[in-house]
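Student: Each chain, letter by letter, is given below.
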Amino acid sequence: MTDTIRELQEIARLIRIDVVTMIHKAGDGHPGAALSATDLIAALYFHVMKVDPAHPQWRDRDRFILSKGHACPALYAALARKGYFPHDDLVGLRSLGSHLQGHPDMNKTPGIDSTSGSLGNGISVGLGMVLAGRITGCDYFSYVVTGDGEIEEGVVWEAAMAAKKYQAGRLVVIVDNNGIQSSGPVEEVGGLNPILPKWEAFGWHCQEIDGHDFNQILHAIGNAKANVEQPSLILAHTIKGQGVPFMVGDNSWHKRVPTRQEYEEAMRALGGACL
Amino acid sequence: MTQLGNTRIAFIEALTDIAERDPHAVLVCADSVLVVKGKSFARKYPDRFVDVGIAEQNAVACAAGMATCGLVPFVATYAGFITMRACEQVRTFVAYPGLNVKLVGANGGISAGEREGVTHQFFEDLGIVRTIPGITVVVPADESQVRQATRAIHETDGPAYMRIGSGRDPVVDCDDVPFELGKVRVLAAYGDDVVLFTNGFVVNHTLQAARVLKQEGIRATVVDVHTLKPLDKGSIVPLLGKSRAGVTVEDHNIVGGLGSAIAELSAEECPSYVVRIGLRDIYPRSGEPEALLEYYHMGVADIVDAAKSVMQKRDRVSGRS
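Line order of the protein sequences matches chains Z and F.
All you need for this note's numbering is the position in the first sequence, starting with 1, plus 924.
All you need for this note's numbering is the position in the second sequence, starting with 1, plus 297.
Hints are computed from structural coordinates only; laboratory data are not their basis.
Every value quoted in this text rests on a predicted model; they were computed, and no experiment measured them.
Glycine included, each C-beta is placed from N, C-alpha and C at the ideal position.
Hints may be right or wrong, so weigh each one.
Not close to chain F: a few residues of chain Z, all C-beta gaps over 10 Å, as computed [stated by the list, open to error]:
id : residue
1  : D1012
2  : T1060
3  : D1174
These stretches of chain F come out as covered by chain Z in the derived footprint (C-beta under 8 Å, 3 or more residues) [to be verified]:
id : stretch
4  : 347-356
5  : 361-372
6  : 387-401
No more than 25 Å apart at the CA atoms, straight line, and that leaves these computed lysine-lysine pairs for DSS-like [unchecked claim]:
id : chain 1 : residue 1 : chain 2 : residue 2
7  : Z       : K1088     : F       : K336
8  : F       : K341      : Z       : K1089
9  : F       : K539      : Z       : K1089
10 : Z       : K1149     : Z       : K1006
11 : F       : K341      : Z       : K1088
With the hints as constraints, model all of the structure from the sequences given.
Tutor: Here's what the structure looks like:
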């Protein structure tokens, strides 16, 4: 295992500690979805993306859109640990006066490139950013993490079609395929599967990985970046609640707040200290 | 005979002029390039023309993404497909973040519906966008006003929605009072018996009604409220205050648009009788524009009758008090 992978694993562990702590303190939030996306977000912010926390509006930065905005505790924790704002701000999540809204707000939180939370729209926004880069002469990438359930939205496929038309090779979409949406398994609720052939049919460069294996995540993103002729789709198999054993396999953690006892149990599993 | 202009061509010509000066100006279409006469723009600026196909939600959200990177996208297609099909993208991804996206809706009103019927007659667009915080709403009266309004919304940072018509749009029959975003235009001032607030493609009807009223000894003032949001309260309240009553005339449902805006303002700031002329909360039919307006009680005679009746109502109440 390389130092890079070990470092990313450690960052992801710290982000997971932050996620559970934030939701416990806030008394509200979506822990399952944040924990499934954590490794993807950690890889992007701490290895892949060209960003400068001192200059969040830097014109040439890579863009990130958390289309599944309800997973934002993981994004907020990553941004804080990256240095966009003080780590102490995290406990303000969802409280009046905090810049950390229930879903990402690009005007309130430093480092957020797009407002999100209404599902299905992130790929369109990311495509717009890529097209803008062509016009303004910037060569950044737009990375979008979307849920699997949210690709049931029709606008996702509008964006998939247009991204192919415009050969938006600098658009990289990662599907956090944890397999479960609010009211149940994605296959039962929306009839979504199979996912990958749909994107292949739309003309995207497609890959399938374990979304908790940093080697696979980095390798797939590298492949995606190398293919500048096609938009890229990475289907990342993930586990809802990853890292907190009692949340895994229990979809009540889609939106649920850990009690003090559960919080302490989660911290023991993650090797974190309780606040 | 009313002279017809083309607000669609006026828009695209104004945008083309803007694009010459502003390298960030972009035209975004949803298979609507022919609708908004955008071929010339696309030929001149192929790199700044985006067509996502029949996919308005993607068009609006994509434009939002562009605007986060400093571009000024003008999304142009049919009014209802922007304000209804892509309503949430307008609200959450354009207006809420305050992005510099300009939304241009064709076929605003029933008279601009190209005889296509309800699917292409949009009489709810203004009510919908008016409830969304942070978005400028403009209803130009004719092609000249569209040119000026296009420049104005480009010069004003932030989200905006502007109506255009069918391409056979009446030219307003009076001196061309300059357009200033956020300020009403007084187009005729015969007196203060009644004030007629209007906008869009029925301004001529309102002016004609004012002339008829004048012949009958009733002196009206005609006010073009082209900027529906933000409303020029500072001008409207005194105009309403010094008149005996008000009438609103719009090619829109009487719910949610100009009539609602004036009635709300009146109720809070200057209680007056206000009668609303517009589509009476029903679905219209296909038809020739002028015939449609008369059929749905939005013609000159209806405006004249409304002015008289609202004045009588006010006089009756005044007499009792």
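Student: Each hint should be assessed against the structure and marked as holding or not.
Tutor: Going through the hints against the structure:
1. D1012: holds (26 Å)
2. T1060: violated (6 Å)
3. D1174: holds (31 Å)
4. 347-356: holds (count 6)
5. 361-372: holds (count 9)
6. 387-401: As far as the stretch 387-401 of chain F goes, the hint holds, because 5 residues have Cβ atoms under 8 Å from chain Z.
7. Z:K1088 / F:K336: holds (22 Å)
8. F:K341 / Z:K1089: This hinted pair holds, its Cα atoms lying about 20 Å apart.
9. F:K539 / Z:K1089: violated (59 Å)
10. Z:K1149 / Z:K1006: Roughly 23 Å separates the two Cα atoms, so the pair holds.
11. F:K341 / Z:K1088: This hinted pair holds, its Cα atoms lying about 24 Å apart.
Hint compliance for this structure: hints 2, 9 are not met, and every other hint is.
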